[in-house]
Amino acid sequence: MTATLEYTMESEDFIPKVIEIKNLTKLYMMGEVPVAALRGVSLSVNKGEFIAVIGPSGSGKSTLLNMIGALDRPTSGTVLVNGTDISTLTDNQLADLRQSVGFVYQTFNLISRLDAIGNVELPLSIAGVRKKLRRSKAEVMLKIVGLGDRIHHKPSELSGGERQRVAVARALVNNPAFIIMDEPTGNLDTKTGLEIMEFAKKLNREQGITLIIVTHDLEIGSQARRTIRLRDGQIESDEVNY
Amino acid sequence: MRSSDVLGYSFSAIRLRKMRAGLTTLGVAIGIAAIVALLSFTAGLQVTMTDQFEEGFGSDTLTVSSGGGIFDMLGGGSGDSDFSLLLNDTDAINSIEHVESTVATMTKTIQANFSGNVVPASLSGINFTAYTSMYTTFIAEVGSIPESPNDTDVIIGSLIANPWDNGTIIAEVGDEVSIVWTGRVNGSIVQTNYTGTVVAILEEIGGFGFGPSDMGFYIPIDWAVKFFDTDEIASITVKMDTEEQDEIDALIEEIEDLFEGLVTVTQPAALLGMMEDMLGILNIFLAGIAGISLIVAGVGIMNIMIVSLIERTREIGILKGMGMHGRTVLGIFLSEAMMIGFLGGIFGIVAGVFMGNLIGGITSNLGDSGIMPPGSPANIPPITPIFSFELLTFAIVFGVGVAVIFGLYPAWRASKLKPVDALRFE
Ligand SMILES: Nc1ncnc2c1ncn2[C@@H]1O[C@H](COP(=O)(O)OP(=O)(O)O)[C@@H](O)[C@H]1O
Ligand SMILES: [Mg+2]
Chain A
1 MTATLEYTME
11 SEDFIPKVIE
21 IKNLTKLYMM
31 GEVPVAALRG
41 VSLSVNKGEF
51 IAVIGPSGSG
61 KSTLLNMIGA
71 LDRPTSGTVL
81 VNGTDISTLT
91 DNQLADLRQS
101 VGFVYQTFNL
111 ISRLDAIGNV
121 ELPLSIAGVR
131 KKLRRSKAEV
141 MLKIVGLGDR
151 IHHKPSELSG
161 GERQRVAVAR
171 ALVNNPAFII
181 MDEPTGNLDT
191 KTGLEIMEFA
201 KKLNREQGIT
211 LIIVTHDLEI
221 GSQARRTIRL
231 RDGQIESDEV
241 NY
Chain B
1 MRSSDVLGYS
11 FSAIRLRKMR
21 AGLTTLGVAI
31 GIAAIVALLS
41 FTAGLQVTMT
51 DQFEEGFGSD
61 TLTVSSGGGI
71 FDMLGGGSGD
81 SDFSLLLNDT
91 DAINSIEHVE
101 STVATMTKTI
111 QANFSGNVVP
121 ASLSGINFTA
131 YTSMYTTFIA
141 EVGSIPESPN
151 DTDVIIGSLI
161 ANPWDNGTII
171 AEVGDEVSIV
181 WTGRVNGSIV
191 QTNYTGTVVA
201 ILEEIGGFGF
211 GPSDMGFYIP
221 IDWAVKFFDT
231 DEIASITVKM
241 DTEEQDEIDA
251 LIEEIEDLFE
261 GLVTVTQPAA
271 LLGMMEDMLG
281 ILNIFLAGIA
291 GISLIVAGVG
301 IMNIMIVSLI
311 ERTREIGILK
321 GMGMHGRTVL
331 GIFLSEAMMI
341 GFLGGIFGIV
351 AGVFMGNLIG
361 GITSNLGDSG
371 IMPPGSPANI
381 PPITPIFSFE
391 LLTFAIVFGV
401 GVAVIFGLYP
411 AWRASKLKPV
421 DALRFE
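Those sequence lines, one after another, are chains A and B.
Following our numbering, the numbering of the first sequence begins with 1 at its first residue and continues without gaps.
Following our numbering, the numbering of the second sequence begins with 1 at its first residue and continues without gaps.
In short, the hints are calculated from the structure, not lab data.
Heads up, a few of these hints could be off.
What the hints assert, rightly or not - Result set (EDC-like, lysine to aspartate or glutamate): computed pairs, CA atoms no more than 16 Å apart in a straight line:
| # | chain 1 | residue 1 | chain 2 | residue 2 |
| --- | --- | --- | --- | --- |
| 1 | B | 418 | A | 91 |
| 2 | B | 418 | A | 206 |
| 3 | A | 17 | A | 96 |
| 4 | A | 47 | A | 206 |
| 5 | A | 191 | A | 219 |
| 6 | A | 47 | A | 20 |
| 7 | B | 239 | B | 100 |
| 8 | B | 416 | A | 91 |
| 9 | A | 22 | A | 91 |
Kindly generate the complete structure, drawing on both the sequences and the hints.
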């Protein structure tokens, strides 16, 4: 008799998991009434993946992204980010974890009184990097996103696309483990939005950066390698595009 | 985040709202200026008063007077009491234990006429020699104090000779002075004239108190008895040979018993202590008023910080979203309050020093420039405000302290904001 292996190892088990989510639920209280934003979501993200999360408005995309980005804690279920369960972390540990996550928002969320380079420097400043080093890092990052000649412009002096590029530079500057973007093109015209997406694809392809992008634009979603569809707080489909 | 970066970030936030921050700083500055000006002035007042009192009040003397005591003495009037001390009452006092010597003083308000310059003065009839040994301030600057004076010898205070303290001398040693006293003798109003000769002008004494005064006018007691046709005296000053308070208290009681409670015995040294206590209370009172204005400024700080908290909710969400710790957010908000407190403190000190000197200048001008007429009961000595290192440090610490205390609540609320909620804030 030959012993049968109880488990057959697959190649995927050797690829490091950046994010592992099991049975994630999130309830919000609307006054007295609980609203289930997420109802049992499970998924895992490997290093180097490029994922689009699509779904109608109110389907829980932002809520999911906030968990992944350690901005919020789950009601139940587990969220492992780089192997650590975020629900066990203290506020400060959660904050430290966020320093290794790049977040890009639909509304750019730049600090309006700081110029482009000042905004890009902020994550480094929060991480305690010295002035000189963070200046040069931020400058390089702004050059990479094509704003080398705009570093001293205030957000109000930049176009929407340029602002979002500053936000992308800010998300990238601290060498994050992964980047999450919540409808990054939602406030941009189609052409500018596609430019941002091209840039994101390039980052993923050339630098191997793990990317999760939330969008309700199907055209933009179709550019990703893997697409997760959410509906009413649940995953409707999770498929890889070839 | 590094502290220097926290400060830099706070500063960029303050700079954005210059007007608002400026006005809040002004509020703090006014409070601090009030504290510095008032406290430096009272500190100066305290020193001046203490100096004056120590000079004017022999620490080892008692003053025995009929009627109301100290308040009559300072006012120059006479009490309501029917009782009067007599010249030879000194004999009885001299025989009490711990009495070293006594001086009887007869006091009358007179007009002194120095060849046409008429000045009102408070005339004292005293024994020159005994008075000299009792008060160290009874020293001649010009002329000399005669040991066995003639009846017409007159000694005058420096402000009698030089009433405006500006070099206009109306009396010199050797000058004749005609004294006019209008009073009641045996029921009828009489005006008496007397001509004396100035034999000495006293050194400047300053201040006010029981002893010799710059406004004083002194004649021998024997002649005063003849001139005013009375041996009723205003007060007897007793020099003691003890500093033990128990013995002094016993002595006071014995003197009061001697006159069956009709006299008031005042211990100037105790008055000095009382005066210092009163100044202490004044100090606390003024500091309290200034403190209230600072609390108002603190409420102003709290107000703008709460407005700022609401305006910047999203910003806080962004910062926390990038991994900023709650205590760093607290630090940013507190630094903003501290900068306002510190700047307000600096400006407040500058303004306070200016205001303190202004008050000091006004009061010393009152004394020097002749605004106070000669013959006023007391000339006001110049008061130099004292800006001690402690006061200035206290001002800064208090300014920053108030800012921090009132900034604490908004800063704490900012630090506790949840990043998701802050980011959703419109
Ligand atoms: N902080 C919150 N408080 C209450 N309800 C919330 C909160 N955040 C999200 N929700 C609700 O949860 C559901 C999912 O929201 P969200 O994740 O923002 O959807 P999406 O990003 O897909 O549009 C919605 O019904 C929304 O109203
Ligand atoms: Mg959303």
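CA of residue 47/A to CA of residue 206/A, is that 16 Å or under?
With Cα atoms ~14 Å apart, residue 47/A and residue 206/A stay inside 16 Å; holds.
Is residue 418/B close enough to residue 91/A, meaning Cα to Cα at most 16 Å?
Within the cut-off at roughly 10 Å; holds.
Holds or violated: are the alpha carbons of residue 418/B and residue 206/A at most 16 Å from each other?
violated, 35 Å
For a C-alpha distance cap of 16 Å, please report whether residue 47/A and residue 20/A respect it.
holds, 11 Å
Decide if the proposed pair is consistent with the structure: residue 416/B and residue 91/A, CA atoms, cutoff 16 Å inclusive.
holds, 10 Å
Decide if the proposed pair is consistent with the structure: residue 191/A and residue 219/A, CA atoms, cutoff 16 Å inclusive.
Holds, at roughly 12 Å.
Mind checking the alpha carbons of residue 22/A and residue 91/A for me, to see if they're no more than 16 Å apart?
violated, 22 Å
Measure nothing beyond the straight line between the CA atoms of residue 17/A and residue 96/A; if it is 16 Å or shorter, mark the hint as holding.
violated, 19 Å
Regarding the pair residue 239/B and residue 100/B, is the alpha-carbon distance no greater than 16 Å?
With a Cα-Cα distance of about 5 Å, the restraint between residue 239/B and residue 100/B holds, given a limit of 16 Å.
Of the numbered hints listed earlier, those contradicted by the structure are 2, 3 and 9.
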